Structure formats: C-alpha cells, structure tokens
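Chemist: Starting from the two chains in their separate frames, assemble the complex, guided by the hints.
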Amino acid sequence: MKRLLDIAPPVALTLILLLVWEAACRLLHLPVYFLPPPSDVAVALVQAGPRLATSALVTFRMALTALLVAGIIGTGLALAVSLHRAAERAVRPLAVVLQVTPIVAIAPLVLIWFGIDHAERAVVALAAAVAFFPIFSGVLTGLRSADPDLERLFDLYAAHPLQRLWRLRLPSALPFALEGLRVAAGQAVIGAVVAEFVSGSGATQGLAWRLLEAGNRLRTAEMLAGLVCLAVLGLLLNAAVAGIARIITRTRPR
Amino acid sequence: MADTGPIAALDQVVVDWPSRAPLGPLDLTVAPGEIVALVGASGAGKSTTLRLLAGLEQASSGRVIRAAAPGRTGFVFQSPTLMPWADALSNVALPLELSGAPKAEARARATEALTAVGLGQRLTARPAQLSGGMAMRVSLARALVTRPDLLLLDEPFAALDSVTRRRLIEDLHALWAVAAPRPAIVFVTHDVEEAVYLAQRVVVLDAASGRPVADLTTPGAAPRPDHWRADPAYRQTVEAVADALAASMATSAQGAS
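Chain order of the listed sequences is A and B.
Going letter by letter, the first sequence gives residues 1 to 254 in the working numbering.
Going letter by letter, the second sequence gives residues 1 to 257 in the working numbering.
Errors might be hidden in some of the hints.
A few chain A residues that don't get close to chain B, going by computed Cβ distances all over 10 Å [said to hold, decoys possible]: (1) Lys2; (2) Pro9; (3) Thr14; (4) Leu45; (5) Leu57; (6) Arg89; (7) Leu94; (8) Val97; (9) Leu218; (10) Gly243.
So, partial list: chain B residues that the calculated Cβ filter (under 8 Å) puts toward chain A [said to hold, decoys possible]: (11) Ala54; (12) Leu56; (13) Pro70; (14) Gly71; (15) Phe75; (16) Phe77; (17) Thr81; (18) Met83; (19) Trp85; (20) Pro95.
For the record, the hints were derived by calculation from the structure and aren't laboratory data.
In this text, all values refer to a predicted model and were calculated from it rather than measured experimentally.
In this text, a Cβ means the ideal position worked out from N, Cα and C, and glycines have one as well.
So that you can see chain B by itself, here it is in the shape it has in the complex (with noise of 0.2 Å):
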C-alpha cells in the first residue's frame, strides 16, 4: 500500500437499481487513517456508499478503488448481527478463522481485541446474554480483530440509548488513536453532532442523487476531549453541516415536486 494514495476511493460511480432512480455519479476520497462521516436523508444511498467500498455492492460503472489488505476491511453493521449460537469469542475470532488463521492464534487475537472493548470477562457469553451496547461492542471487536486497514460503519450507534452511545464513540475514539497504524474509518450517521464529534471530514449526501453535495472539514484534531462538545468552533462545524443536510434535502424535495 501506497503512503500517499487513497486506501478507499470511489470515482464517477454509479449503481444502477431495478425500480429506482440511478446512485450517483459518487465521488469520494478516503486518506490512510483518516474518519470520515457520511451523512445524508434517509434513502440518500448512505449504506450502499459505504457497501461500495467494501466491495459488497457491485457499481454499473466508475471505478472503485480498494487498497487495503484482502480481509483487512472491517464493517460494523446497524445491528450487532452476532452468530447467536457462538459465544463472544467464536463471533470475534471468525474473521481471523475464515482466512485461515490458526485457531490458538485467532482464540488469542479475539480475546485481546474483547479485552480492548472492554468485555475481557464476557468471553464466553452468548449474543441472548448481552445488553444491545455490549453486543454492539463485540461487533466492533469482530471488526477490529483483523487489524483494519479501513473501519465502515453503519449507523451502528443508532439503536443504542444516548449514555451508552456516547461512551461507545469515545472507546471507538481511543482505540483508533492508540492504533498503530490507525485505519481510516468511515462511518454514516444521521446524528449530524455525533459526524462532528467523531469525524475530521464530514460528507453531506445528496437526498436523491446520493452525490456528495457538500464537505466540511471539522475543526481540531482528533480524538477531542468530552468537553469539546462545548466548544463554540465544534457548535459552528454542527450547525454548517447540518445547513448542508437541510439543503442537500431541499433541493431534492423542489425536484420531486
């Protein structure tokens, strides 16, 4: 991998649905180490952006540029979307096992990649026997195991009550800080505080084309401290993006009509 060039890209893509308007043309550039935030409408074609560059969704055409390591991508879905039948351990070790890692080797890796989210003691339990931040903490594990070289997330905070989803994006924060080297970590939201808050770039997409329509560099670097929240430069970067979101939906309701 290239120091210089982009571990994710997408270029002139479009994806073609059967019964909806095209996606696109999408472009997008994601540096080495960098945290991106996608936000957008609902339907803006967030989760297929983020598929995209996976390399889980198919474009009709453009180019997708893909430059981390094979199994070195890690996604993080809505939901904790855990083997129910497999302990915490088996969850997290599975990417590791399935490009065949030795099973010591890959039980070891898990456990120290649980320990990081802080559920070292909760080895052996069952997805039924976890609260919903603490599966969504054993999805991040099964994500982070591999030693990503790129993080997608997709709105994996969203069904999480506001206590827990702000203590897990500060984890999330101090893992990818202390992470050497730090993979770049995309991640789509609609919570326009938790983009600022997480994110040195924030990408508005638009609500009908899904073509990024607007991005915002986010003031200082990150991690930031809880108390940044109160910071006037943070409450300006919140209010600007979500101007852009307003906007980005604005002109696609004046299309519609």
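Chain A with its partners taken away, still in its complex shape (with noise of 0.2 Å):
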C-alpha cells in the first residue's frame, strides 16, 4: 500500500503530460513530422520494436562493455595510485583533463584511432573514456576516507598494508565507488549515443543510429519511440548497478 502511494504521484504526472501533449497535438492541428501524439509514438514503438529492440541490445552492449572497461582501469588506476602521494598528484589533473574534454570533441579522434575497421571498438573506447572519471574519482576518494583513528588502529597494531587495503581501506571505499559506478552507468550510455552520433555511419546499429535514421526520414514518431527506449535502458542499467551494488555491500569482508 505504501510503495503505491509512494509511486503514485510520478506516474500521476506523467499520465497528465502525456493528456496535454496528446491533447495539444489534436488540438493545434501539428504536423505530424515536427510533434506527433504520444498515441503515434505507441504505435510506432510497437511497429518498429523488433529493431528497435535489437539496436537497444547493441547499445546496452557496448555501454555495458564500456563500464566494465572504466570499472577495471578506474580501480585498478585508483588502487595504484592511492598508495603514492606523488603517483596522486601526478595523475589527478590528467584525470580531471580527460573528464573537462567534451566527449564530441575527442570522438572523431578516437575514431580514427579504434574506429577504422572497428566501429563498435570505438564506441566502446569513447564511452569507457567518460566513465571511468567517476569511478576513478570515487574509488580514489573512498580509498582515502578510511576514519584516520581506524588508520591508527592498524597502525598500532602494525598491520601490513595488504591487510589495511582489505579490511580498512576497501569496504571504507565501498560507498564512493559503487556511487562512481552509478554515476559512471549513465556517462557509459551517453557515451555510446554520443559516439555513434559522430561515427553516423551505421556501422553500429545501435539506437543512436536508429535516431539518426529515422531522423533522416522525419520519423519523428519512430525518433521518439528510440528516445523512449534509451531512457528504459538507462533505467535498466542503473537497476543493475544498484543490485550489484546490494549484492557487494551484503558479502563485504568483515
């Protein structure tokens, strides 16, 4: 009873925009091509699903392949790094560098690099390269978040330093980095749409494409109905990290 009310008021508002925007549609008599109804949408969600449902596949793959990338480099750098104060300092800026430098501007670069007989390498390359800030940054700060009189514990019980990055320094980052890695699910996907935007040469065929495609076209339903989908993707991939993260919270060591 609780969850419905909690999830009442969203779905609520969202039922009332979809009314305007329908309304509005009929209302003012618009193209079709510049705002078509929601019921157009539906429609065209439900005739182009099967590629639509197989682009969304490619997509999810190669963010989820990006974050796997990020995630392994973004530790593993981070991990490195934390035990060198100067190794820290050296690498932060280039960190920071590489999360300021708009992804459409390194795109056609990363294209040339990875993308010539690999499309989809690319994309996974570009998308990685936005995900890994956040889930460096997070393991990084986790690393150093460890209660300073807990470092004094270990101290004075002189523990060796594999010890204090597994049962001090490691679940002390948990938070930070799980909170990374869902930061770094969404930038994974922006990446990959960003990516496939630039390279427009279908190809990959994943859902950027598909926009482009229809877009092409003035399918504006058929552009919709694949914004659609990306936004159920992101959702799905965000649910992912959150169970990921249920799972590693509950068999943290002790």
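Modeler: Rendered as structure tokens:
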C-alpha cells in the first residue's frame, strides 16, 4: 500500500503530461513530422519494436562493455595511485583533463584510432573514456576516506599494507566506488550514443543509429520511440548497478 | 620485559609542530600495572602524549621508551572508532587477526573479551545497532583482547552521559583488577573527579608546553569502592588536582598576555 502511494505521484504526473501532449497535438493540428502525439509514438514503438529492441541490445552491450573496461582501469589505477601521494598528484590533473574535455570533441580522434575497421570498438572506447572518471574519482576518494583513528589502530597493530587495504580501505571505499559506478553507468550510455552519432555511418547498429536514420527520414514518432528505448535502457542499467551494489555490500569483508 | 623498568616512558621528548609552538620537553614514566591520569587544558598535548606512548607519533627529539611487547598496547579513542561494516565480534577480533592469530582462536578470545565487558549477547550486532555506551564497551574489549601490557585511553568517556560513564569507569576498574598481570593504564581526561577516582597518579600538563607540572599520588588502594567518592581524602585530592590544573592554565594565560 505504501509502495503504491510512493509511485502514485510520478505516475499521475506522467499521465497528465501525456494527456496534455496528446490534446495539444490534436487541438493545434501540429504536423506529425514536427510533433506527433504520444499515441503515434506508441504505434511506432510497436511497429519498429523488433528493430529497436535489437538496437537497444547493441547499445546496452556497448555501454556495459565500456562500463566494465572503465571499472577495471579506473579501479586499478585508483588502487595503484592510492599507494603513493606523488603518483596521485601526477595522475589527478590528467584525469580531470579527460573529464572536462567534451566527448564530442575527442570522438573523431578516437574513431581514427580505434574505429577504422571496428566501429564498435571506437564506441566502446569513447563510452569507457567518459565512464572512467566517476569510477576513478570515487574509488580514490573512498580509499582515502577511512576513519583516521582506524588508520591509527592499524598502525598500532603494525598491519601489513595488504591487510590495511583489504580490511580497512576497500570496505571504506565501497560506498564511494558504488556511487561512482552508478554515475558512470549513466555516462557510459551517453558516451555510447554520442560516439555513435559522431561515427554516424551505420557501421554500428545501436539506438543512436536508429535515431539518426529516423531523423533523416523525418519519422519523428520513431525518433521519440527510440528515445523511450534509451530512457528504459538507462533505467535498466541503473537498476543493474543498484543490484550489484546490494550484492557487494552484503558480502564485503568483515 | 624487566619487572622493575617502566612499561613506557618519555625522556626529554619534544614534538615540533609546523605551525605551533613545540610541545615539551616531556618527561613521564609509567610503571607496569599502574594507572596514570593525564589532565590539562584543551590543546595541552594530552592526546599527543598518549600517541607518543603508543608509538603513533614521532618525537622530534628526546627518547621514547616502549617496553610493551609488540601488539600488546591497547588504545581507546575518543569515539568508539569501530568498523561500521563489521559486527562487534569481528571488530574485537581485529587486533588478533592483524597480528596473525588463527581465526578460530581470535574469535574465541574476542568472544571472551566481549563477555567480560558485558556484551556477550551482542556478538553479531553492528555498531549502528549499539548505543554509545555499548559501542564504547566494544572499543574497550578490542583494546583488551590482546591482553595488553599498556592500555591507553584518550577521553573515552567524554561523550557519554554521567550514569553510563560512571558504570564504565567502574567496570574498567574491575577488569583491570582481575587481569593478571594488570596492564598499566594511561588515560586522558578533563574530568578531575574521574581522574582522581580511577588513577593512582594524576599528572597535570601545562596548558602551553604540555610539560607535566604536577604529579599527585591519590590516596587509598585501587580499585576503589563507589562510596570512596564521599571520602574526605578523595575530596581533598580532587581539590588539589583542580588547583594544580587552574595554576597550569594561569601561567600560560600570563605567558600569552
């Protein structure tokens, strides 16, 4: 019952917005290539369903692969760097540069490096590049977040660096790392879509390609249907990360 | 460990700070099995003195003698300082596991230590499920689990209400009394009555330099019964320590003006 009350307001708001949208389209006689009503989008969603689903799977796979790559590199680098202050000082500015450089701007370069024969590889590389920073930053901040008095306790009992890492710093870092992963999951989808837009050749058949294709043909309803798929994809990835977070939190070392 | 030598001592120890007047020179001797209270104004260097004795702080000059066996120094911080993701048992077993004790033995001794502080029923509780007083007891059990030669307490009771605090102090006294051999205890406090009640010696630190400026022996054998707090000798000692404490602050106030 309480759950029902929790989800009632957002569901109600969405329904109201859809109704207003539908009514506006019909009353103002908007051309469908400009703004189709939600009912048209629903029809497009059904008609283009199989194609959209296949593409969504492609995008999902690329985003997930990118997330995995970013997770391994980001966590590994954060672990390595956390062992040495000087290493951290050396790497942090570079990581920030990577973060603040617009992904659209590096996409053509990455396409040249990775994408000449393997467009999908370039998309994964770009998505991984944007997913890297939240993970790296989260893990590094987390590794440094251990209670200073607990650090002293580990000093007192002359803990081995590996014991300190495993029993104190990794568990302390976990909430930060998971938050970083959650942000990175969203970024990976954005990265995958942007990379596919930029490559724009149809060599990869993800959702972004469907959007481009439908846009070129002025099939606006199909574009919106693609956007719906992207939103659902983002939600799924978010839920997947949250699920992983729950499992890890339950099994962390004691 | 020689029976006659100190368990820990500071000999002309100075600690230089980057942005403050240096601390010291400090001289302090702690004999095996004795209870010493450190009192002083805020910022007098009480915690630093304690960390020097624990080997957690480096002296800039002078000599620090630490005769406790490796891993046999216990430390209780101002807050319980427990690992929030681990249950009480794992928290208490940690010092033994860090020094390589087999897991089963560590767990058995941790259970023993938790039972000794009255938490034998709460082994699997996470810190968030414990009250402040209980969390402090877990922290105390963790410090005691290695059967320390030297137990260092940094205002561990300051955040507790007075009833909980008094009960914990009495339990600490009782645990100390039954331990064989008894650990030396050095504890930092700003509560003069707590210091006199618990300690055999009360050392007053100068507010500015952190140097011990008074070293008073408390009357009567420890552990004391609760009604000792009404004893005139107890009251006199409390007054004497309070006077010494006030004097230690007055000189530094003069120095500052």
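Chemist: A separate judgement is required for each hint: does it hold in the structure or not?
Modeler: Verification of the hints:
no., hint, verdict
1, Lys2, "holds (23 Å)"
2, Pro9, "holds (31 Å)"
3, Thr14, "holds (37 Å)"
4, Leu45, "holds (44 Å)"
5, Leu57, "holds (36 Å)"
6, Arg89, "holds (19 Å)"
7, Leu94, "holds (30 Å)"
8, Val97, "holds (32 Å)"
9, Leu218, "holds (55 Å)"
10, Gly243, "holds (19 Å)"
11, Ala54, "holds (6 Å)"
12, Leu56, "holds (5 Å)"
13, Pro70, "holds (7 Å)"
14, Gly71, "holds (6 Å)"
15, Phe75, "holds (5 Å)"
16, Phe77, "holds (5 Å)"
17, Thr81, "holds (4 Å)"
18, Met83, "holds (7 Å)"
19, Trp85, "holds (5 Å)"
20, Pro95, "holds (5 Å)"
Going down the numbered hints, you'll see the structure goes against none, and every one checks out.
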